[in-house]
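Student: Now for the letters of each chain:
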Amino acid sequence: MYDILVIGAGVTGAMISRRLSRYNLKVLLLEKENDVGNVVSNANSAIIHSGYDPLPNSLKAKMNVRGNAMFDQIADELDVHFNRCGSLTVATSDEQLKVLEDLVKRSEANKVPVKLLSEKEVKEMEPNISSEAKGALFAPTAGIIDPFNLVVHAVENACDNGVILKLDEAVVDIKDLKDHFVVKTTKGEYESKIVINAAGLYSDKIAEMIEPIDWKITPRKGEYFVLDHYQVGLVNHTIFPLPSAKGKGVLVSMTSSNNYIVGPSSEPIEDPDDASTDSYTLGEIRRQATELVPSIPFNQVIRVFSGVRPTCTRHDFVIEYAKSNKNFINVGGIESPGLVSSPAIAEYVVDELVSKLINLEEKKDYNPRVKKYNRLNEVSEEVRNKLIKENPDYGKIICSCEKVSLGEIEDLLSRSVPPRTVKAVKKRCRAGFGKCQGGFCSPMVTLLLAKHYGVSPTEIKWDKDHSEILVSEVKK
Amino acid sequence: MLTRDLVIIGGGSAGMAAAIEAKKNGIDDILILEKDSVLGGILNQCIHNGFGLTEFKEELTGPEYLSRFAKQVEELGIEYKLDSLVLNVTKDRIVTYSNAVDGVVTLQAKAIVFATGCYERGPGAIQLAGDRVAGIITAGTAQKYLNIHGFLAGKRIVILGSGDIGLIMARRMTLEGAKVLCVSEIMPYSNGLNRNIAQCLNDYNIPLYLSRSVLRVEGKGRVEKVVLAAVDEKMKFIPGTEMEFECDTLLLSVGLIPYVGLLSDIGTEMSSTRGAKVNDQLETTVPGVFACGNCLHVHDVVDFVTDEGRDAGRGAANYIKGLLKQTKKIKVNPGDGVGYVIPQYIETDLNNDITFKFRVRKPIQNVFVNFKSGDVLVHKVVKPVLIPSEMVMIKINKDKLANLPVDEITVSLEERK
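Here the protein sequences line up with chains V and E, keeping their order. Heads up, the first sequence is in the numbering used here, so the first residue is 1 and it goes up one at a time. Heads up, the second sequence is in the numbering used here, so the first residue is 1 and it goes up one at a time.
Keep in mind that a hint or two might mislead.
List time: in silico SDA-like cross-link candidates among lysine to any residue, alpha-carbon distance up to 25 Å [what the hints assert, rightly or not]: (1) E/K383 - E/D399; (2) E/K225 - V/V471; (3) E/K155 - V/V471; (4) V/K389 - E/L76; (5) V/K396 - E/L262; (6) V/K403 - E/Q108; (7) E/K362 - V/F298; (8) V/K403 - E/M270; (9) V/K451 - E/D83; (10) V/K396 - E/Y80; (11) V/K403 - E/G255; (12) E/K395 - E/R361; (13) E/K329 - E/L377; (14) E/K155 - V/E473; (15) V/K62 - V/S244; (16) V/K386 - E/N88; (17) E/K362 - V/K62; (18) E/K179 - V/S472; (19) V/K166 - V/E189; (20) V/K389 - E/L377; (21) V/K62 - V/E347; (22) V/K403 - E/L262; (23) V/K323 - V/D179; (24) E/K380 - E/S412; (25) E/K357 - V/N299; (26) E/K155 - V/E459; (27) V/K403 - E/L82; (28) E/K220 - V/D179; (29) V/K386 - E/D83; (30) E/K236 - V/F298.
Residues of chain V clear of chain E, computed beta-carbon distances all greater than 12 Å [as the list claims (entries may be wrong)]: (31) K120; (32) S279; (33) K371; (34) V422.
No wet-lab data here; the hints were simulated from the structure. Think of the CB as a built atom: it goes at the ideal place given N, C-alpha and C, for glycine as much as any other residue.
Here chain E stands alone, though its shape is the one from the complex (with noise of 0.2 Å):
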């Protein structure tokens, strides 16, 4: 069979960046597989700007951060395929890919690291009522249509869902001649980031209706019709609050998923990001197979998603050198307010310090997040403002880690009186 020292599934930003530090540090057979036919996944679509701020200190189109590190993959002498998309993975990191070049191809690697982004929620997945026609669609599929093949999908449209996606597409379409009718949100705030909002819905007049979702879509063919009501606290319908709205599309902007099918079936530990359980290294519980980027949880900012393709492409290169030893296992549980935390486990004890990522679950002033293992506050930082579209990243020395009271790191909000 053929062997390959590191196989990275998934050639955008997290891939491409897990590569570069792979190389870098010293692992020189490594093998990017990308589905698409370019690297760079999903900032190819992304011809807005407001990319690479913390990496490059300047704002950058999506093409053109993904470019930068396209070069760098070249310039590295890093192997890719195009076109190529894997079949399966076993938890003995058996790699089998296609294309249309090489065919099925089976090969054993030393190590793997899935990068491999993640999926819209569409209507099935909200359980969307009305009629099932043809108008309907997630924000990235419309923005795909628009920015690679140049086809609008609507021309009087209301958006549902006030991610980011969305709110982009929102001011991409009104600038394509289409007439943006409103954004509605479920919850009672936006999920896009407040630079979006401003820019890309407040600078067009375009609406945004909070505790709002739709009740129904109406139409014979195509979308004639959405009905909007307002929400109770349960997320209930509040009758005689609809608003009828005539419109041709319904855009849907309603989160994000890890796309992680082959990890979950080769028996993963899985989080409810519904990406898999990472230890500081960035490795799953399945030894060898690491995860970083959007599969692993969703990001607010693609320059955090390279920082974490660097992190698991590191944790890679030391796995194949032998590195890995794990020295201990503490497990960390979000706690009060935090909807979850990366790493999930802290095994080893290679870096200096360790960042906690997390996000919590609703809109919160003036706290402090607290560090506990069992009664003892490790650690503790006050924040002004914390939102959920916004990923919290939180810094420990590992001195501080060193002896704790039991294998545990709870990390909580804690409002400050």
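Chain V on its own, in the form it takes in the complex (with noise of 0.2 Å):
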């Protein structure tokens, strides 16, 4: 029996999980895809939002600017990377700047430090900002992040801390027999005193699974370019249009791996597993992007994505105890500002709503930092050195794109959520993220795990079920 029991390792199972783990109990967390983060938390802008735009009192806003107060601290235990860069919403005319007026107040109810910039302001800030720039709205709090290793590496802080995680292994139905839940999966059955719903984008079907509910998620889709990293300020901060009702809009930005991404476009889809891209949606982004920064050079585009939203039909955060049994408390709906969100999501969920079921004992060996990390391009020559004589394969470099080593491969096998894909190799360590996008380093990598795992190399994915990336071998 296990105390509580965790659907779905997106960031906002995966914060939820930590924060469980610092307390004296049994907690399973469950993912149906063969990696944590893979769905939502793998496809979006990766920005750390101010929290001006969700509307005052709403739980976005609440979650949104608690969690950006935590983001340092956060980044900090977990190792990912983090850059506050600040955003600039750009007004592009008059009434544009009108509504700059309107969103310095939404700014105020929510607590969010902004300055309204003038149009000479936001061209010295910003160079390449189109000429039409009347003036910004900035918001100095707002960053970007790594989303892939926050979410392994505050699953891996869970799992060090005591929490299993199984993969792979997708809910089908969920008996509530009052004292506990039964939860039945593709792979196996498990009883839990508490159930927490973390499901994104299967969030409502995995909650109607014990009563009605009366909110729906309504999946929108969201395209996305991905720039090299072949040129410092194209922009300096995070540049968005004014929002909508459709969002927040296309935005420029570069991440925290000094790529630049271009996006998103919003669209509703029936199938949540719908991550494809359209060649009139991207052109779309890229007219609407170029409106705010001319220049953007496309010919430096290495990738283009689709993230899917489980946008919600209550226009706001579901974070709230089942209504026919309090043991099971969903979190649905956290589409943006979700990233920037969790850990305040994660807070309010193990604070407020557990504590009131269960008792929460603090843990003497809690340790809330991520195993240190050997990244040698952020160390010292010196330093770099000294781990290459400890271990030789920190010196053979596998992605020359983005100089990682075999030795930095391989320690991520060793690790208490280790890759089982090509993409996981990808995600954790940038092996394959870089201008060739794998061409030269994916057969390496996929034959390291091969080896590693003990299989032939035809059996390795490069992502999800079905995903092999070789059909047979032809010679010995």
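With the hints in hand, could you dock these two chains into one complex?
Tutor: This is how it looks when you write it as structure tokens:
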């Protein structure tokens, strides 16, 4: 019998599990994918929003603002790249300037520090901004983060503190036996006193397993461009257009890895698993983005991708007890600003909701810090040489674009949430993230994974089920 | 700090040729840094033949071709380090590399030759539409899996792009039992060599569809279907022209790009080839830093890569010996119908003649290639056929370049009436 079973190892489930791992509780984290953070958390803008945008008093506003304040510590403890670069919401007409003033009022209501910038100030801060820019709302607390390792490291840290993670297990049924739940998965059955539903795009389906609900996930797809990190200063902040009913609009931002990201679109879709891109939408993003930053070098695009947001019919996060049984907690509709809100959601869920259900007794040996990573590109030549002497594999570079060593990839395999797929390696250490997009290094990564797991390279997947990279061996 | 006269980055065909030529020109202190565990670069996986027709007047496989140069490197006692990746280069020619034996080493070079080759454009670079699934693979990566590691990356294959690697892989994968359904080319003409279209497609009844591209890829997990559609002159898809192919693989052969991240970082002037701009000695705009081979511009034939490597090795030797004195600076511009011209600058009078290398923008017949300086026609050559997939090389004696009216030359095409 588990004390708490968390469904979904996206950023929300990861942060909740980590928060729970500080207490003497038996916690199980279930994930249907073969890696953590592999759906909504894997494909988004990776912005730590300041929080001026959500409607005052909404859960989104509260969680965003609180979450933003927590991120320096989170990024430090979890050893994740984070840069409070600030955001600019740019007005390009006199009418839009008036809207900026409304946004200032909203910022004040949400207690988010902002500053209205003149045309001159905007152009000084962002030399490549459109000549049409008339002013902007500057939010200095906004930032950019590595969304992949945020989730991986949060789950690693949770596991290192005792949480049990099971991947590749989708929940198919839940029985409410009043004093506990029986959660049936594609692989087995688990009993738990408390269930926390953080199932992202499927959070409504999971919630409906125990009772009818009055909210629904209506997935919205967002497509993006990623540019190589070939130059510094295309933009120095996250650049937004004015927000509209459809969302925050097409942004242009650097990323925590010094690439640039352009997007997203916002399209309602039927199939939550539809992560396709299409030329028309990408063309439209390009048109909108160049209205803000005309000189975006689209010949430096190294990848296009799309992500799906778990937009909720309630137009706000759902974070509440189920009506029929308080021991079932729904955490649904965590779309933007979900990434920034995640630590605050975890705090609220555990400290406010779970605490009323079960005794939270702190572990004596809880360690909030993720185990140390050796990142060779971030240490001095002297330290680097010391590390290579200890482990010569740190000297052999596998990914020549991002300069990732064999030793760093091998290290990943011995951690508590090791990568099983080529994409999982890429997400964690950036091998395959550069200009050649794995053209050179993916064969080496595939062979390394096969050797480590003792299987044929033909069994190694790029990503999800049925995504094997190779079809057959031709010689021995 | 450790010092070297000449550091050559990349031990493929360009790098080996540069090293051999520099050695023959009196430079002894040479170090080749190769990221792979063998010399030869991409030729190691090119097990088909057709290499060496110009160099050796015979048809060799890639490994045979490279081994002739690797042997010379050994015989001349040129030092090389394998599994050694250059992490950083400065404009003052300080090179930092890493390997498992030496660790991270920083050294001062008198001259550097970049011979880092090129990389393949992938699905992101062409903004491929549809599901992002396994089974979308570049031709060179599939070639490496097959020829180096012995694994087939697909059984039912659609190939996008008629570049040479895609054509070679159409034949190679067919011979391994895969079914290549078609090759689709967005341009109205192929970008591969004619001999490859004949020997790799026609001989195996693989259809080539011109002016067609991939509208979208469909699949869950792995590619299940590729939808092609015709494009108009503006490369826009024409509705109603869709062709669907049930397949497990989309092989991409959609272009190569010089692999020169380190070079652009040190502030060299870059060309539209996405390699560096160079002068007649193949020196970039950063003094003492040279570039050659596919990292300068993507070649059609390896023999020309070798030749260019030699030019860069000679240029670097001249630089180290203090012979590179700028005598003038003539700018070379691509004109009508010409994509780019190498060299971009003529700065010395060390060579008896200058070979101009360029590619045409589209296939054209019966043209004059005009070399003009201001209003003066410096040189004129008749060409019956020029196609974008073949590099054009025209040699001009330096005397003709001696008294130009302006410090510029423009290379352009003019149709013969």
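Student: Next step is simple, just say for each hint if it's right about the structure.
Tutor: Verification of the supplied hints:
1. Between E/K383 and E/D399 the CA atoms are separated by roughly 23 Å; this keeps the pair inside 25 Å, and the hint holds.
2. About 16 Å separates the Cα atoms of E/K225 and V/V471, which keeps this hinted pair within 25 Å; it holds.
3. Distance hint between E/K155 and V/V471 is fulfilled; the C-alpha atoms sit about 7 Å from each other, no more than 25 Å.
4. With a C-alpha separation of about 32 Å, the suggested pairing of V/K389 with E/L76 is violated against the 25 Å cut-off.
5. Only pairs whose Cα atoms come within 25 Å are accepted, and V/K396 paired with E/L262 is accepted, the gap being roughly 18 Å.
6. Among the hinted pairs, V/K403 with E/Q108 is consistent with the structure: their alpha-carbon atoms are about 21 Å apart, no more than 25 Å.
7. About 23 Å separates the Cα atoms of E/K362 and V/F298, which keeps this hinted pair within 25 Å; it holds.
8. A distance of roughly 23 Å separates the Cα atoms of V/K403 and E/M270; the hinted pair therefore holds under the 25 Å criterion.
9. A C-alpha spacing of about 20 Å is found between V/K451 and E/D83, which places the hinted pair at or below 25 Å, so the restraint holds.
10. Between V/K396 and E/Y80, the direct Cα distance comes to roughly 16 Å. Compliance with the 25 Å bound is thereby established for this hinted pair.
11. Of the supplied pair hints, the one linking V/K403 and E/G255 holds, its CA atoms being roughly 23 Å apart against a limit of 25 Å.
12. Taking the CA atoms of E/K395 and E/R361, the gap is about 20 Å. The hint holds against a cut of 25 Å.
13. Between E/K329 and E/L377 the CA atoms are separated by roughly 19 Å; this keeps the pair inside 25 Å, and the hint holds.
14. The hinted pair formed by E/K155 and V/E473 meets the criterion: a straight-line CA distance of about 12 Å does not exceed 25 Å.
15. This hinted pair checks out: V/K62 and V/S244 have alpha carbons roughly 20 Å apart, not beyond 25 Å.
16. Annotation: proposed proximity of V/K386 to E/N88 holds, straight-line Cα distance about 19 Å (limit 25 Å).
17. Pair hint E/K362 plus V/K62 does not hold up; C-alpha atoms about 59 Å apart against a cutoff of 25 Å.
18. About 14 Å separates the Cα atoms of E/K179 and V/S472, which keeps this hinted pair within 25 Å; it holds.
19. Under the criterion of a C-alpha separation no larger than 25 Å, the hint pairing V/K166 with V/E189 is consistent with the structure, at around 12 Å.
20. Restraint check for V/K389 and E/L377: the C-alpha separation of about 63 Å exceeds 25 Å, so the hint is violated.
21. Using a Cα cut-off of 25 Å, the hinted pair V/K62 and V/E347 holds, with the two alpha carbons roughly 12 Å apart.
22. Pair hint V/K403 plus E/L262 holds up; C-alpha atoms about 12 Å apart against a cutoff of 25 Å.
23. Restraint check for V/K323 and V/D179: satisfied, since their Cα atoms lie roughly 15 Å apart, inside the 25 Å limit.
24. About 10 Å separates the Cα atoms of E/K380 and E/S412, which keeps this hinted pair within 25 Å; it holds.
25. Of the supplied pair hints, the one linking E/K357 and V/N299 holds, its CA atoms being roughly 24 Å apart against a limit of 25 Å.
26. This hinted pair checks out: E/K155 and V/E459 have alpha carbons roughly 16 Å apart, not beyond 25 Å.
27. Proposed proximity of V/K403 and E/L82 is supported: the alpha carbons are some 16 Å apart, at most 25 Å.
28. Of the supplied pair hints, the one linking E/K220 and V/D179 is violated, its CA atoms being roughly 40 Å apart against a limit of 25 Å.
29. Pair hint V/K386 plus E/D83 holds up; C-alpha atoms about 19 Å apart against a cutoff of 25 Å.
30. Straight-line distance between C-alpha atoms of E/K236 and V/F298 comes to about 18 Å, which keeps the hinted pair within the 25 Å bound.
31. The Cβ of V/K120 lies farther than 12 Å from every Cβ of chain E, with a closest approach of about 30 Å, so its non-interface assignment holds.
32. At roughly 5 Å, the least C-beta separation between V/S279 and chain E is not larger than 12 Å, which violates its mark as non-interface.
33. At roughly 24 Å from the closest C-beta of chain E, the C-beta of V/K371 stays outside 12 Å, upholding its exclusion from the interface.
34. Not every Cβ of chain E is farther than 12 Å from the Cβ of V/V422; the closest lies at roughly 9 Å, contradicting the non-interface assignment.
Hint check: violations occur at hints 4, 17, 20, 28, 32, 34; the rest are consistent with the structure.
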